[in-house]
Structure formats: C-alpha cells, structure tokens
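Trainee: Now for the letters of each chain:
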Amino acid sequence: MGLVGLTAAVTAMVGGLLWDISWDASIGVDSFWSPPHMATNFGALAAGVFGLVLASQARRQASNSREGGGVSSGQARRQTFGAGLVVWGAVCMVGFLIVDDWWGRSYGLHAERWSPPEILFTTAAAAILAGAVIAAAASSGRAGLATAWLVGLAIAFTVAAMTPYSMPNLHRTATFYLVSALMFPFLLAWAARCAAGQWSATSAAASYTLFVCALIWILPRFAARPEIGPIYEPVEALIPPRFPLLLLFPAVAIDVSARRLGSEVARVVACAASFAIIFIAAQWTFASFLLSPASDNWFFAGGGRHWPFYLQIGTERTAFWGLDADALSLFAVLGVTMLAALGTAAGLSLGRWTRGEVS
Amino acid sequence: MIRSAVILACTAVLALANPTAAHVGSPNVYYEGPAGPYTVRVVLRPPSAIPGIAEATVRVAGENLEVSIAATAASAPAASAAPPQPALPVPGAAEMYSAELWLLEAGAYAVRVRVAGPAGEGEAVVPVNAVNRAPSRMPWSTAALLIAVALSLIAGAAPLAAVVAPGSARLAAVGSAAIVAVGILLLLRQSLAYDRAFRSEGLFESMPVQAETLLSGGRRYVLLSRQPDERGSRVWPRLVTDHGKLMHTFLIRDGSLDAFAHVHPQPTEQGDFIVATPDLPAGDYLLYADITREDGLSETLSTTFELLAAPTDPAGDPPLVSPDPDDSHSVVSAVGTEPLATAARAAIGDGYEMIWENPELSSDPAQEELRFAVVDGAGRPVRLTAYMGMMGHAAVRRLDGRVFAHLHPVGSISMASQEVLARADAGADPHAGHAGMDHSKHAGHAGMDHSMHAGHAGMDHSMHAGHAGHDPHAAHRAATVEESSVRFPYEFPLTGPFRIWVQVKVGDTVRTGVFDTQVTEVR
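Residue numbers (my numbering), protein chains in the order written: chain A, 130 to 488; chain P, 62 to 584.
It is possible that some hints are incorrect.
Said to hold, decoys possible - Some but not every residue of chain P turned toward chain A, in silico, with C-beta under 8 Å:
no., residue
1, Pro-112
2, Ala-155
3, Trp-163
4, Pro-196
5, Leu-206
These aren't lab readings, by the way, just hints derived from the structure by calculation.
We put the beta carbon where it would ideally sit given N, CA and C, even for glycine.
Kindly generate the complete structure, drawing on both the sequences and the hints.
Mentor: Shown next, in the form of structure tokens:
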C-alpha cells in the first residue's frame, strides 16, 4: 500500500510539474490553488506521508527479520533510508512553498533560473524521487516495475529541469549532449542495476517516453487561452511538452552491456560508448524531424508550432540554435563519452548499493 | 582610484533622489471619473515587484452591471492585449467589484475598466506604473517558519545518514547534518546577494534632479536641472502636459513644513526648468516635481535645496520668467506647534474657513476619500471655482517624507498619462479606440477638466461647482453645500503623522488649507 501510494504521489508531483509548465506557457495566470500547483504540491506532501508509512513498515520488517522473518536487515535499512529521504524532500518542499511565496511578492513572480526558490524545489523533488526509487528498489515483492517507473519519472523531471537545453532547437549543441551525458547514463545505469528484471533501464526509458507522450496527447485536448498580456504567440489549447528524448535506444544498449559483460570496467566503457554513439546519432537525426513540418501533428507536437504565449519568436522556431558558439565537435563527443562513463560508473555502483549487493 | 571616487560621488548624489515612481511611498492608484454613462471609482494596488499581481476594485452605482478589466502594457502592441476579465461583485460590499490583474512588464500600463448595463456601455482608462519597489522586510512569522524548516532539514539529515552507515553512524550523522547546514547557509548567502543586487539595480528610480536658488536681476528663482545619467546626458526626457503644465512642483520647507508653494516651472533654453519663487521664507526646502513622460509613465522627482533669501533691492531688469498665474503659496505654523485635535478646521484668509469633513478617515481605512468644504465667516457654504481644470489640488506628506502624493478630485493619477494611454488604445483596438477617443475628446473639450466631464454625467459633486463657475447666473444665488466641497479619492498608505495641504479657488484667489493628522490605521 505504501509503495503504491508513494508511486502515485510522485507521479502526481512530476505530472503536475509538466502540467504547470504547460499551464504557465498557455494561460499565464496561476496561483497556489491552480490545478497543476495542487498536483505538484500535494503530490510532494502526499509522498512525504507515504514515506512515513513506508518507514514504519520498514521498521516493523526490521524487527520481524530479527525474529527470523524474510527481510534482510540491510534491505529494511535501505527502505528506511529511501522513505526517510522522501520525507526529508517533502519538508524541503514545504520550505520551498514558503520561500516561493515570499520571493514572488518581493522580487517578482517569475523567478530566474536557479534562483533560491528554484534550487529548493529542485532539491526537494530530487530527494523525493531518489528516495522513492531507493525505497521501491528495497521493497520486497514485485517492485521492479514501480522502480523502473520511478526512474522514468526522474528522467522526465531531469529533462524538465534541463530546459531550455532540452529543446529540439538545441539538439545540435555541445551543451545539450554534455548535460545529457551527465544525467541520463547515471539514471539509466542506476535503473539497470537497482530494479529487478533484465530490461530495467529500457523499462525506465520506456516509462519516461510513455509518460511524456501521454501528456503530449492529453494536454492539448484542453482549451486554454492566455489571460494576461502582452500575448505574442496565439495559444488556443494547453501547449504540449516537447517530444521525449530518444533515450530508449541507449537504454537497450545499457541493459545489454550491464547484463552481458563480466567486468565492471568493460560495462562502464561499453555503456558510455554506446550512449555517446547511439544517443547522439538518434537525437541528432530526430531533432531535424522534430523541427520539420512532418512532425507538426498531434503525435509528435513538433514542427516548431508550440511556444509560450509571451515569446516573440519568428523563423527561429524551426531553426537549430547555438550552432556558431556551441556546435557539437569531436572534442565535445569525447567529453560526452567521458561524462557518460563517469555517470555510468556512479549509476552502476549506486544501483548495486540500492539492490543490496554492497552494504 | 578616480573611478571609485566618481562612483562614491554618484552614490552620494543618487542618495538624494527618492527611488519611487509617481508619488513617493504612495503606490496605490485612485481614480474617480466617467466610464461612459457611469461614474466609477477605481482603486489599483500594484504589486511591489514585476511580474506581479495588482488588486483592482471598482465602485460603480447601479444594478445588473457587468464590470470587466484589462491591463495593457503601454510598450506592447495593442494587438497583444489580453482579453478583459470580469470583475466580480465583492460579497457583502454593495456596488463594489474586484479583480486581479497580472502586470508582466515594467513600465506604464493602461488599465481599462469597462462597465456594461441598462444605461449602456462605457470605459475608463486608468494609468498605473508597473515598477519594482523595495521589498518589505520578511514577516517574523515567515522567518520563524523558515528557520523551523531549516532546522528540521539539518536535524533530519543526521538519522538518515546514520541509517545507511551503521558502522560509523556518528560520523555520518554529524557529516551529513553539516553538509545540509552549509548548503542552507550558501542558499541564504545567494538570497542576500540577490536582494542586494535587486535593491541596487532592479528598482525603479525616478530621474535624479538637483535644484538651486538663482538670484538674477534682483529677483529670486528656483532652477531645476537633471543629474547627468550614466552616459553623462543632462537632457530631459520628452514630457507631456498635465493640466496644461509640463511640471507641477511643490516646495515645502524641510522640518517645519510651514512654508508651502505649488508652482509650475517652465523649460529654459538650456533644457532645464525654472520658476519665479513666490514669497517664501529662506531655508532648506524639499522639492517634489510631478512629470509625465511621453510614453505615459508618470514620476515624482524629488530633491532638497537651500532657498536663499530674496534680494532686498529689486533691480529693474526684466524677469527671466514670469510667475505662472496658477502658482500659489502659503505659510502657516510649523508642524507640532499646535495640537492635532484642532486640525479639522483651517483658516484660509479673509474670514473663510476650510473644514475637513471626514478627519475620522485617519482611523477608518474603508473611506477611500478626503472631503473638504469651505464656508465664509457666517458659516455659509462658499462656491468654489475650478482652476487648472480641477476643483481642488491636494498634497499629502508624512512628516518624515516617507509618503508624498499629489491628489485631485479624479484621484491620484496623472491625467496626462491617462490621455497618452487612451490615445495609444485608440490607435489600434477599434473597440477601445472608440472609448479612448471619447474620453480624451471630453477632456479636451473641457480644457482637460475631468470634474467638468464628470459633471455632464450629473454625478460628481465637484462638477456642480465647476459648472456653476461658468454659469453667469450662479454667482447671484447662494452656493449649495455640494458646490462648496471638494473630494479627493485616497487612502493613507502608512500610519503616522501627516500634513495635508488642500488648495481651492474662491473667487479669483487660490487658498490653501493646511491640516495635520495622525493616521492610526491603514488597509
């Protein structure tokens, strides 16, 4: 019960965040009580409550295991830690809500990137997501799917936090691939190792893809129009998020490498190299499709159509940006591989710990 | 070295200027006037930071009315305007409607209030400045909550770390708590740095000016010039006239606030402003100058200067500039020399008395207006005459200078910026254009007289008096109570001691009533 509730709450939190981004870009007017904020805030707070439930369950299991039950003390300890981290994140979210309200009144409602409220929110959400993954992975029973789903949500959150680097218009810049290499191999390798099952990284990437696609297909069905001016971009319905990154392909490679290869070094090298080659090749090609009229439909929501109402954007909507100063070079590809290797190594060892292979 | 000296000098100069837009410390906007066949009173409470939410309330009499409000940035093309949103009736308050308006961009905004009902449709344009103001101090309750959250996060990290590292639990607990504590301190440091940068660079600052006494040809003038901006330019921005004047300036003797003048400087050939000084005692003076820029942004410039004594032997040279016929001044007792309780009546010369009809306003924040009436020595109402298109002008100052506002019966708005914004609307949006043009036409027709315009709707007290002023027969009958009174929509923004100067014209003479009050409650 605790794990199902926690997974649902975290889903509401991340879904609420993506919904909120769409809401802000389509309607503009929001408040503490607007539906996306409610989903995000109450999702986070509910996650904290379920975290408390899970922590007390883990404590019971730990005392049972001392009396000869089936759960190892290490497993109970990791579950306690995961659940506790979720609670810690929920408390941090309360801090964010207080700071955010004050900040908006004092310095304006649109906080800049990485302003203190945004750092607090990101820390809180990251703690909740990480805690949920650890608690799920340490749960007894068939928690593999929940774990992969939660990693998928973590990927969706990361992509949202990476905005604007994650826009298709920037998919030929070095920065986009470097930031991606820093985050995604880590998350996919963690999934590959911590969740039960042979295709965990693939399941996590599929969860992310499905989750974002569902929002792309659902959100624009709701009519919405900007309620504040100036309005430069016509908006008639909630604008969809950008099509998910093609992480499915490197995820398959990471699953295969993690399973087939014997030594840890070989796994890291294979995962990093396959991420660099496969992800760059797939995304580089796909990005031009996403900016072309061919993707301007309900399924892909591309073609440079969907922009926030307050942006004055012309032909650059379908252009690649940053090709002069920040183009992806061979040197940058090397950097991507290095970062992917570091991320994979970190993800694999965190995964081993999460699974209880090391204590 | 030189650079830091320059910066130091500039800082010292800038410190003289008050970093506020129109009015000082009185950001709320009050407007009373026509919206087609209706008379509306609009109160706008702008946010202290942009983007932010302004609170709008509209009072309008009548049943089955639909009130809607839209805010349009003056800098944005009219086609980008947001659709008007309904203002909803305020529960428990008759004839009152409210709405929240988001102001996204800094600068002048036109708030269009539309009323539709049985009598037809009408619109009023109310200008408001969307600017960043200094953030207020964090409330203790908020700070206490945040401290509690921070302590919980630090304390919570310790057992978490101890769970995962049972072998070295104490070290892990202390280490993780320390890491979280350092993280919170870094965040606090970032916040404080942001706050400092916001206060030093993000706030709207009215244009820094300097004033000096100019003695020439045996006459005394005040010369107002602009401080050089960051590019060294001393050129004034393009201004538009408000009540026919480019600049409305108040001179108030610092400290005692006993000497007061309302004068209208004129541009010099060098591009500065100059005014012949009325008969004021020498001393240190505060100067407030209201201007409206061409884009509709209105500002109150402020500075201090020493008014030198007038030359004792006037020479026969022609004056550099003649006094404006609408200039006026008064000298009364210094603040604090008389008890405030006597301040509801003020002698204004020749046996006339000005009565503050609702001095209880200072303890009742719901009243939203200051009301004054003039009676003669026998206590009979005295008819007031419009001057500069208004039945009255008032200035309000908190004794410490934290608040200064220049008010009219139409409220606290700059009518010049109202005209600019109504014209801007007329240029683009055909619907708004109709109303906007209608508005400025009426204002123009009446010589920018809003009270006259309101008078046509037959709803405004001051209008009757205004109308009477132009009515040759009116002079022969006794004035009514309404013709003898003047109202200023306003709320005091802060508690504390205030002095109010109210100027009306009786016959051909502008007379100034001065009132002191202690404001005990604000909204």
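Trainee: Now, for every hint given, state plainly whether the structure supports it.
Mentor: Status of the hints after comparison with the structure:
| no. | hint | verdict |
| --- | --- | --- |
| 1 | Pro-112 | 5 Å, holds |
| 2 | Ala-155 | 27 Å, violated |
| 3 | Trp-163 | 4 Å, holds |
| 4 | Pro-196 | 4 Å, holds |
| 5 | Leu-206 | 5 Å, holds |
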